[in-house]
Amino acid sequence: MKLAKLSLAAIMAVGALSTANAANLEDAIKGVNLSGYGYYRFHDASGEEAYSKIELRAQLTAPVQENVQFTTRFTASKSTATNATSGSATPAVDRLMLAYTGFSNTTVTLGRMYAGTPLDDTAAVGLKVVSSPVKGLTLAAAYFTDNSAETNALTAAAVIYSNDMFNGRLWYVKQDSENSGANNDANYIFVEGGANVGPVAIKAQYASADRNNLVAALGAQVANDKASTIRVQATGKFGPAALRVGYITNDKNAGDVTIDGSAEGDNDLIYGGIYGLVQNNTADLSTLFGEVKAKFGKFGVKAGYVSYDNGTYDDQYYGQVDFAVSKKLATYVRYGSASPVAAGADDKTLARFHAQYNF
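Going by the working numbering, the residue at position 17 of the sequence shown is 17; the numbering climbs one at a time, nothing skipped.
Warning: the hint list may mix true and false statements.
[As the list claims (entries may be wrong)] 20 Å max Cα-Cα, derived DMTMM-like pairs, lysine to aspartate or glutamate:
1) K252 - D210
2) K302 - D322
3) K252 - E291
4) K237 - D322
5) K53 - D260
6) K174 - D260
7) K53 - D322
8) K78 - E55
9) K348 - E48
10) K203 - E192
11) K203 - D268
12) K78 - D94
13) K237 - D284
14) K298 - D322
15) K252 - D309
16) K226 - D284
Simulated from the structure, these hints should not be mistaken for laboratory data.
The task is simple: from the sequences and hints, build the whole structure.
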């Protein structure tokens, strides 16, 4: 949304204008954009206490001078258990960066931003350079400090290519310990290749992690351990319906190849099932999954099935119904259940209601 549509008080509230420099409002807000969302969520899962969550996020982008752009993001969120007293949300400025575009087909970004690798969804302070020397080809290099919950440095390099039919990505990431006495050094490789044939798109991924102090799936502390995963997926769109099927297989050491240990649903890894119900990151685990979704006017429906081999669960079923109240307000209701391997054990369930307004 253009910031020019906001009241003067609202502009001042987000820090785009100061009372000391409010002489020319039109010039001050030229090229400034404000976007974001606010949502309410009710979440209930077996083995957890049900909770409500509210979150407000706003991102402000403004030109500083020719070829220089400033971006900042404000997020306030609050989760409250159903039997607890609600309190105010905790605000934070979680993004703050400057982007320079003075070089041909190149953007240089400095500040706190998403690390942006396929295996990492956290923010970090650093420098990122992204260049497109020829059509379809993108080269990226970055160095980050203060990554994830621990103080680690990340050095990353990538080659990305895409055209109308083929696409591919190659990432190498090196993690170095910055804490005194820590031994969290690691090397990560991510390879992806895809092809589009008519209404069908095929994608395959290979990811590996070679790191010290890896907490393997069995809970043992393993030095210099390696973990890898292979994932393939095919998607197709046929009229109002879309189909997605895939296969995942993890090696016997550890299936989790993410840099920051975050759930796979937050990263670019091919993922089967409902995020938060059963993860696809267990060692020596194979997974088959299928999902179908369709859209009918303001309504959308989605249903899926996941089969696990050599894991804690046998299978997973899930469904979701979406309703677009307007162009900016949307809601969904989601439910999923996973059956355990052990006889007599209870199913794992997850239910959620979510309403979100985008601006």
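Results of checking the hints against the structure:
no.	hint	result
1	K252 - D210	14 Å, holds
2	K302 - D322	8 Å, holds
3	K252 - E291	27 Å, violated
4	K237 - D322	18 Å, holds
5	K53 - D260	24 Å, violated
6	K174 - D260	12 Å, holds
7	K53 - D322	19 Å, holds
8	K78 - E55	6 Å, holds
9	K348 - E48	10 Å, holds
10	K203 - E192	7 Å, holds
11	K203 - D268	12 Å, holds
12	K78 - D94	15 Å, holds
13	K237 - D284	32 Å, violated
14	K298 - D322	8 Å, holds
15	K252 - D309	13 Å, holds
16	K226 - D284	13 Å, holds
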